[in-house]
Amino acid sequence: MPELPEVEVVRRGLARWVRGRTITGVEVLDPRSIRRHALGTEDFIGNLEHATVLDVVRRGKFLWMPLAMSGSPDPGLGTDGENLSKVALMAHLGMSGQLLMQDPGVADEKHLKVRIRLSPVADMPQQLRFVDQRIFGGLFVTSLVPTVDGGPGGLGETPLPEIAEEASHIARDPLDPFFSFDAFYRKVKGRKTGLKRALLDQSVISGIGNIYADEALWRARLHYAKATDTLRRADAERLVEAAKDVMNAALDAGGTSFDSLYVNVNGDSGYFARSLNAYGRAGEPCGRCESIGLRSIMKREQFMNRSSYTCPVCQPRPRNGRW
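Add 1146 to a position in the sequence shown, counting from 1, and you land on the number used in our numbering.
Hints are not guaranteed to be accurate.
Said to hold, decoys possible - List time: in silico DSS-like cross-link candidates among lysine-lysine, alpha-carbon distance up to 25 Å: (1) K1333 - K1390; (2) K1390 - K1445; (3) K1256 - K1335.
Rather than coming from a laboratory, the hints here were simulated on the basis of the structure.
My request is simple: use the sequences and hints to build the entire structure.
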């Protein structure tokens, strides 16, 4: 499952290629990939054709493209600073979804599901293709609603106080400039659960999945079972900074890639998996402990039908831990 850095890599690539371009045609090759669009294929196509893509926005792992519909005034911002459109194209990548920018001459991928043609721009690919091998992801048109806090809906090129309806329930992520540490800390302290479970709760903090939770906890020297109501403010600050650091490092590397299913919009895989310190390293020495002459072997434990990886020396299990 792509995590925040992978989705942000896709967002940045799409923003470069699709902002300001008009959708000239839509072809749905597999209706299962637009099953979340309740009104069906014809309505999906009708909402997209002749619309202009205003931006590409992400909150957590949610990704959407605000649209200026045909017949609207000039695409962009109204005189009151608001988006002229109240709809967006939502992309859910699922386990294997890919959004690829390609030219018409490039052969169709085996698992191509939706083809979106864009107005021609010199030296830019003319098609946005949605490819999905396992068909867990999809595209659909959704409404934009005002944000609760009045800030931008998410990370985008043109910050606007609107958010895709399906993403309106989730908290801001650590890379969002409007992320509030105080709000995060209040939510964490108000729960009686284990720390990793709280990190995976998108209503507390968004965008952190299993891989980056383990990496952030390792960097912050905290065990996943630490009780959230006992978390000190200094520990929480260290954890959030660790999450930011590991995600920015993953962004620099293009994301974490474990197989050929995750690629960016150009079809290139990320390489951050080669730099993981905790996740997937069971039975290997802890790099931090080894660097100071300590012998400690990383452990794998079952957690919420997944796995957690910790160092028993520098991430000791708390006496009164919670799952």
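Here is what the structure says about each hint:
no. : hint          : in the structure
1   : K1333 - K1390 : holds (18 Å)
2   : K1390 - K1445 : holds (24 Å)
3   : K1256 - K1335 : violated (48 Å)
When held up to the earlier numbered hints, the structure conflicts with hint 3 and nothing else.
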